[in-house]
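**Q** Residue numbers (this note's numbering), protein chains in the order written: chain A, 1 to 115; chain B, 116 to 232.
No wet-lab data here; the hints were simulated from the structure. Hints are supplied without guarantee of correctness; some may be wrong.
Stated by the list, open to error - With a straight-line cut-off of 16 Å between C-alpha atoms, the simulated EDC-like cross-links for lysine to aspartate or glutamate are: (1) A/LYS49 - B/GLU220; (2) B/LYS156 - A/ASP8; (3) A/LYS102 - B/GLU174; (4) B/LYS135 - B/ASP203.
Claimed, not checked - Which chain A residues face chain B? A few, computed with CB under 8 Å, are given here: (5) SER32; (6) THR51; (7) LYS102; (8) GLY106.
Unchecked claim - Restraint-style ranges between C-beta atoms, simulated for each label pair: (9) B/ASP180 - A/MET83: 40 to 50 Å; (10) B/SER133 - A/SER70: 45 to 55 Å; (11) A/ASN41 - B/VAL118: 17 to 27 Å; (12) B/SER133 - A/SER84: 36 to 46 Å; (13) A/SER14 - B/LYS156: 17 to 27 Å.
Glycine is no exception: its CB is placed at the ideal position from the N, C-alpha and C atoms.
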Amino acid sequence: AQSVTQLDSHVSVSEGTPVLLRCNYSSSYSPSLFWYVQHPNKGLQLLLKYTSAATLVKGINGFEAEFKKSETSFHLTKPSAHMSDAAEYFCVVSDPYSSASKIIFGSGTRLSIRP
Amino acid sequence: GAVVSQHPSWVICKSGTSVKIECRSLDFQATTMFWYRQFPKQSLMLMATSNEGSKATYEQGVEKDKFLINHASLTLSTLTVTSAHPEDSSFYICSAKLAGSSYNEQFFGPGTRLTVL
Numbered sequence: 001a002q003s004v005t006q007l008d009s010h011v012s013v014s015e016g017t018p019v020l021l022r023c024n025y026s027s028s029y030s031p032s033l034f035w036y037v038q039h040p041n042k043g044l045q046l047l048l049k050y051t052s053a054a055t056l057v058k059g060i061n062g063f064e065a066e067f068k069k070s071e072t073s074f075h076l077t078k079p080s081a082h083m084s085d086a087a088e089y090f091c092v093v094s095d096p097y098s099s100a101s102k103i104i105f106g107s108g109t110r111l112s113i114r115p
Numbered sequence: 116g117a118v119v120s121q122h123p124s125w126v127i128c129k130s131g132t133s134v135k136i137e138c139r140s141l142d143f144q145a146t147t148m149f150w151y152r153q154f155p156k157q158s159l160m161l162m163a164t165s166n167e168g169s170k171a172t173y174e175q176g177v178e179k180d181k182f183l184i185n186h187a188s189l190t191l192s193t194l195t196v197t198s199a200h201p202e203d204s205s206f207y208i209c210s211a212k213l214a215g216s217s218y219n220e221q222f223f224g225p226g227t228r229l230t231v232l
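Construct the entire structure; sequences and hints are all you get.
**A** Pasting the structure below:
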């Protein structure tokens, strides 16, 4: 069975400082992994995805994530936070071989940016 | 590309009435669509998987007679909340999987805020 754990429910950083949002996964197979961002009362926007190609994945808005199989982690990072990055972030895991096509959401991490 | 729309974006209804929410894939065909429910400050909870031309598959604990799902075409799925009650108030989000996609990537709609008075 697959699962995903976001280790921090809330992260607060100052504008211009690095962002680290942590995600650990559990999967019996080589998973597909995604990070989505959700601004208040909005739908989800894909930031980036890992699909068994390069382990360092670059996404939109300066975000990137590194797939580390040995640590079963897929942490999201950004070198310099911007006020517009304040939002809810979801780490998602999927079994690409599942006929059900389901994805599993983490509990979310709320990112706050201090001026 | 890969845009999903939802209509309406918000709706207020009286208790006991039914509400229909539409989910459309605007520029691609989606053989599979998903309906999620999200409570404030919580993650998304999968309600059901909708396959074009067949009955939806509901997750455990979701009442299929209350949440009617129809996926009549490759670009449209509808969720009808029947006999709505205040506890059905929530943010409903649909998503669509690109037909033939290998990675289960889902494209999400903007959500529908349902408030039942």
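**Q** Confirm or reject each hint.
**A** Taking the hints in turn, this is what the structure says about them:
no.: 1; hint: A/LYS49 - B/GLU220; verdict: holds (8 Å)
no.: 2; hint: B/LYS156 - A/ASP8; verdict: holds (14 Å)
no.: 3; hint: A/LYS102 - B/GLU174; verdict: holds (11 Å)
no.: 4; hint: B/LYS135 - B/ASP203; verdict: holds (13 Å)
no.: 5; hint: SER32; verdict: holds (5 Å)
no.: 6; hint: THR51; verdict: holds (5 Å)
no.: 7; hint: LYS102; verdict: holds (7 Å)
no.: 8; hint: GLY106; verdict: holds (7 Å)
no.: 9; hint: B/ASP180 - A/MET83: 40 to 50 Å; verdict: holds (46 Å)
no.: 10; hint: B/SER133 - A/SER70: 45 to 55 Å; verdict: holds (51 Å)
no.: 11; hint: A/ASN41 - B/VAL118: 17 to 27 Å; verdict: holds (18 Å)
no.: 12; hint: B/SER133 - A/SER84: 36 to 46 Å; verdict: holds (38 Å)
no.: 13; hint: A/SER14 - B/LYS156: 17 to 27 Å; verdict: holds (23 Å)
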